[in-house]
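Protein chains in written order, with the numbering used here: chain A, 1 to 260; chain B, 1 to 260.
What the hints contain is simulated information worked out from the structure, not anything from laboratory work. Built from N, CA and C at the ideal position, the CB exists for glycine as well. Where hints are given, some of them may not hold.
[As the list claims (entries may be wrong)] Here are the simulated DSS-like pairs of lysine-lysine, each with C-alpha atoms no more than 30 angstroms apart in a straight line:
id	chain 1	residue 1	chain 2	residue 2
1	B	236	B	15
2	A	236	B	55
3	A	236	A	212
4	A	55	B	55
5	B	55	B	204
6	B	183	A	71
7	B	204	A	55
8	A	71	B	204
9	A	55	B	236
10	A	183	B	204
11	B	15	A	183
12	A	144	A	15
13	A	71	B	55
14	B	138	B	183
[What the hints assert, rightly or not] Computed from the model, here is a short list of chain A residues facing chain B with C-beta under 10 angstroms:
id	residue
15	40
16	59
17	64
18	177
There are 2 protein chains.
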Amino acid sequence: MDSYSLPHEIRQLCKDGSFTSPTPGLALGFVQANLVVLPYSLAFEFLLFCQRNPKPCPVLDVTDVGSPEPKIISPGADIRTDLPRYRVFRYGELVEETTDITPFWRNDLVAFLIGCSFSFENAMLNIGLPVRHIEEQKNVPMYKTDIECMPTGAFSSPLVVSMRPLRFNHVVRAVEVTSQYYKAHGSPIHIGNPETIGIKNLEKPDYGDAVKLYDDEIPVFWACGVTTQTAILRAKPELAITHSPGHMFVSDLRDDLLMF
Amino acid sequence: MDSYSLPHEIRQLCKDGSFTSPTPGLALGFVQANLVVLPYSLAFEFLLFCQRNPKPCPVLDVTDVGSPEPKIISPGADIRTDLPRYRVFRYGELVEETTDITPFWRNDLVAFLIGCSFSFENAMLNIGLPVRHIEEQKNVPMYKTDIECMPTGAFSSPLVVSMRPLRFNHVVRAVEVTSQYYKAHGSPIHIGNPETIGIKNLEKPDYGDAVKLYDDEIPVFWACGVTTQTAILRAKPELAITHSPGHMFVSDLRDDLLMF
């Protein structure tokens, strides 16, 4: 498995149980997606939460009730088996990590596939903008902010952001290129001062790894799909299933289609 | 009431019952929206239908269950009284046209506000592109196509389109400017040959009025919000309420915010 692997090859190895690793860097150019599975009773509230908070929660596909097929972004795929690793939550508590959620499937479940920052990171790299955590071979640093998402029914969450340091002369181009990928978190939500959005210490991210910020650089913050996971922890549904962090659904959709 | 009226002034006159006319041309620069009200039992399917068909059905706001306040696009407004005219449907049949839907309101209803082409028409006019039905003081011509929207539960519909004739040297600019307004139907869905999308006779629109197409012009087609109404007629919900054609909700949102 490498950057040249095709999405359906990766999904087949996940299905066979022979690939259970993180997906960053695989199948470059194809959209990877966050997964959230919820009972139908919460599906409207969750879809509306995403609709109201499109920067952290850009919806790419929603399966029909009871169907595990994301027929818009990957016809024929099965989200129960085609990701490398999943987390199962009951009433907001992590109860199991697994590589196959078929045993948990029910005919009232709905799966949501949500855009991810890998798509716009590729776009940044393609125009020569460095992405620090990729250079340092780390997970992107992520932080809870003091910005509240617009709540919807049971779902509420602080906006979680990812941070990428950029040289001052790269910032405008980074805004321009990422704003085009509005189904992959789009433009930054903040540039410059972490404290303005409630982040006290860049060296202590809430998720992921800290990265180096050089003197001629400024921190740039984008909305992050982890926001959906904090919303689920607060809502405490009787059942929720997500991908394990970094173990995304690799779809057949081309990154550049997220601009349209 | 004219193009300089402010949205809240128009809504107040609707509430008082003293304004019951169509809204095109009023409060120029502010977003006007289609209204669809449905019971909560159909809300997920309808929201997902819109999510899957964003060009005809760009969702701008969805009220909380039982609330008549579109708190994102017009905090404090009341969709039960603030539009000039409504249509009430039971099981897909028009049963009443009214200027106040308060008597029909229930605590399980959800209101959807959906983007409308007036926003991108203003943008076209602002860069010097003519809009024929405005020149001719007519309603825009609209046609059912043979393109099926992606169905969702009870909701399905042919894609309904609006048509604007343009000179050949205006077509590219029209694509460029309207594509920016992706929450107001965005770029065209077809340029050139009506028969390719199942339209037999441009002079006989399914809704609205025919307009003149000159020899040096080509017909350009955009997805149209009337698609939501045909979807409701097919779904036959026990109750549905919409605005009357042309009698839109005039919101506090600026047109240009539909680009972000």
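Verification of the supplied hints:
1. Restraint check for residue 236 of chain B and residue 15 of chain B: the C-alpha separation of about 29 angstroms stays at or below 30 angstroms, so the hint holds.
2. Straight-line distance between C-alpha atoms of residue 236 of chain A and residue 55 of chain B comes to about 34 angstroms, which puts the hinted pair past the 30 angstroms bound.
3. For the proposed pair residue 236 of chain A and residue 212 of chain A, the alpha carbon gap of about 36 angstroms is over 30 angstroms, so the pair is violated.
4. Our distance criterion of 30 angstroms between C-alpha atoms is met by residue 55 of chain A and residue 55 of chain B, whose separation comes to about 19 angstroms.
5. A C-alpha spacing of about 23 angstroms is found between residue 55 of chain B and residue 204 of chain B, which places the hinted pair at or below 30 angstroms, so the restraint holds.
6. For the proposed pair residue 183 of chain B and residue 71 of chain A, the alpha carbon gap of about 23 angstroms is at most 30 angstroms, so the pair holds.
7. Distance restraint check for residue 204 of chain B and residue 55 of chain A: the Cα-Cα separation of roughly 42 angstroms exceeds the 30 angstroms cut-off, and the hinted pair is therefore not satisfied.
8. With a CA separation close to 36 angstroms, the supplied pair residue 71 of chain A and residue 204 of chain B exceeds the 30 angstroms bound.
9. For the proposed pair residue 55 of chain A and residue 236 of chain B, the alpha carbon gap of about 34 angstroms is over 30 angstroms, so the pair is violated.
10. The hinted pair formed by residue 183 of chain A and residue 204 of chain B fails the criterion: a straight-line CA distance of about 38 angstroms is larger than 30 angstroms.
11. Only pairs whose Cα atoms come within 30 angstroms are accepted, and residue 15 of chain B paired with residue 183 of chain A is rejected, the gap being roughly 38 angstroms.
12. For the given pair, residue 144 of chain A sits about 34 angstroms from residue 15 of chain A by alpha-carbon distance, which is inconsistent with the 30 angstroms threshold.
13. A C-alpha spacing of about 18 angstroms is found between residue 71 of chain A and residue 55 of chain B, which places the hinted pair at or below 30 angstroms, so the restraint holds.
14. Proposed proximity of residue 138 of chain B and residue 183 of chain B is supported: the alpha carbons are some 24 angstroms apart, at most 30 angstroms.
15. Hint status for residue 40 of chain A relative to chain B: holds, with the closest Cβ pair at about 7 angstroms, below 10 angstroms.
16. For residue 59 of chain A, the shortest C-beta to C-beta distance to chain B is roughly 6 angstroms, which falls under 10 angstroms, so the interface hint holds.
17. A hinted interface residue such as residue 64 of chain A counts as satisfied when its beta carbon comes closer than 10 angstroms to some beta carbon of chain B; here the least separation is about 8 angstroms, so the hint holds.
18. Interface restraint check for residue 177 of chain A: the shortest CB-CB distance to chain B comes to about 16 angstroms, outside 10 angstroms, so the restraint is violated.
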